[in-house]
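Peer 1: This is what each chain is made of:
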Amino acid sequence: MYAQMVKADGKGVKSREEMDAEERAFQDKIDRDVKIEPKDWMPEAYRKTLIRQISQHAHSEIVGQLPEGNWITRAPTLERKAILLAKVQDEAGHGLYLYCAAETLGVSRDDLLDQLHSGKAKYSSIFNYPTLNWADIGAIGWLVDGAAIMNQVPLQRTSYGPYSRAMIRICKEESFHQRQGYDLITKMAQGTKEQKAMAQDAMNRFWRPSLMMFGPSDKDSVHSAQSMAWKIKINTNDELRQKFVDQTVPQAEYLGLEIPDPDLEWNEERQSYDYGEINWDEFYQVISGNGPCNKERLGARVKAWEDGEWFRDALTAHADKKAAKKKKQQQDAA
Amino acid sequence: MADKDALFKFLCRMGDNCLIIGHRNSEWCGHAPILEEDIALANIALDFIGQTQLWLGLAGEVEGEGRTADNLAYLRDAFDFKNFLLVEQPNGDFAQTLTRQMLFDAWHLPMLQALKESSDERIAAIAEKAVKEAKYHLERSRNLCLHMGDGTEESKRRMQDAIDLLWPYTGEMFKSDNVDEAMVAAGVAPDLADIKATWDNFMDEFFAEAELVKPENAWFQQGGKTGTHTEHMGFLLADMQFLQRAYPGATW
Amino acid sequence: MSKEWPLWEIFIRGQHGMSHRHVGSLHAPDAEMAIHNARDVYTRRNEGVSIWVVEAKNISASAPSEKGPLFDPSNDKVYRHPTFFDIPEEVGAM
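Chains as they are written, first to last, in the numbering used here: chain A, 1052 to 1385; chain B, -7 to 244; chain C, 2 to 95.
Same shape as in the complex, but just chain A:
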């Protein structure tokens, strides 16, 4: 997902007997669906894991602006331009909300950004794939946002209050994102021969990376148990992936787009689709920096941050001067 590779701190899930009194009270609250708030006691491992998860999610939002942003200046109508710009702007907003949620855990946004810029922090693999034709914008809204929503909707119930509230706001705002994507790709799939070809091309490139968004298979996902006990992860990776496939296949059929997976088949017994093996080598390569656009994406973020430094400093300097002037006026008046 947007936070695909979150390592949970701690040494696995403790049994009740192994917990001390504070830990037990904490876990009881979570089990009773009582939210944990910033000043409440929490295990250090919970705090660290959450910082990692929320910041990965936040980084994904702002890096996620770039592949779509790539087409803002080329959107083919004024309306499409406005919709796309509003959507990419929402992603900046979602990044902002999430950084703020992470900040309640005692880290600064600048420190989190430093971790992103230095390559230490991760973000979703999906944003390291290029957007090559206009239908990609539809595919991202439909498939990528569709996959993200699967994860984000249950996260509204997550145990950490500020994270939960950020997710509620995000889900509310995201509701139009997937729809605009599907609407866009529908126009393409039902358009001219060239447009259809673009839509299929987008489908071919984005299908498998979208499935990878849910993270490694459950059998390789060693940190899930602790995160689920803490209710900072609600469903398993494979559960959500299956749900996504089952939901998306009929939507693709409606569009007349072919899903690039020869093994995709309805399984009557499971009442679900079987799908082909995912190339996990590729996934781990992309996550660790070797995707087609990792360098451009990170480079663009670093450049924006470095080029903007003088501006941020200028406004700080101005605010300091203004505050000093005000203080002096008050002193003179007294």
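Read the hints as simulated data drawn from the structure, not as lab findings.
Keeping only pairs whose Cα atoms sit at most 20 Å apart, straight-line, the calculated PhoX-like set for lysine-lysine is:
(1) A:Lys1058 <-> A:Lys1270
(2) A:Lys1372 <-> C:Lys4
(3) A:Lys1376 <-> B:Lys148
If you want the footprint, here are the derived chain A segments under chain C, 3+ residues with CB under 8 Å:
(4) 1148 to 1154
(5) 1157 to 1165
(6) 1354 to 1364
Ideal Cβ positions, reconstructed from N, Cα and C, are used throughout, including at glycine.
Following the hints, position chains B and C against chain A.
Peer 2: Only chains B and C this time, still in chain A's reference frame:
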């Protein structure tokens, strides 16, 4: 009743200014100095795209040849665009972007305020809606320019450079031609001399408060209003119009 | 490294007659810019008519351990809550 051809040209000028400055601002999306600014700039760009739809939509209606706002935005070549040279100037650094914005906003706001009283009700209605947005744009661009001017040594230098660079493009905004005269005669639009008086006042106040030097009026560039643009315009349009040009007749 | 813009807590009055409600936070160099930024960040969908900003470091919060004495006394004043009162069904919603 205003001459149809002149009215069409006037509306294209209004719409093209919005379109091009909105486009430039949208280029920042994902690349601004800090998240809060990224979001704010996108809002401004969105306001301008919205205003473009209204102005160019009305232009197409007045022309009466079935052209939509999209047709006008995506299927005209540079010489048919009537925006100021100022708004097509590249973003440069943040000081240039904000200076360009302030110089334009300080024209745009009084223009819209006057257009609220236009004899053409359709124009008055658009101005009524746009003026609220323009007020906020100017407040924001002016504040940021002031803060940059009175920030650090570096920001002050960058602000002064931006003002010196863009100042020669401001004269064109007030240069009246036969289109403007026809609009004044028909009571559609204000006399540009009045707008200039308001703009000059604003700038005098700005420079009095800012730690910056007002450039000596030297030579003003012009041509945008009649379709003779800077070289930047062709690249901007190549980018913006690519899909409509490459796939004529497609629905998006 | 440069100094980070401070964090501000944002409160918005959604409609006339309602109280200001905490909607989230953001970074800004000073109060004036915080209000501007709040307008852009938190009212993109016409959510507000009035904005308050408070620098986060200036907010004093009750410690969770004080929760008992601070909030328990009102817990037994059930009549303060509308569900305390039974309204006959035929009267309808209230």
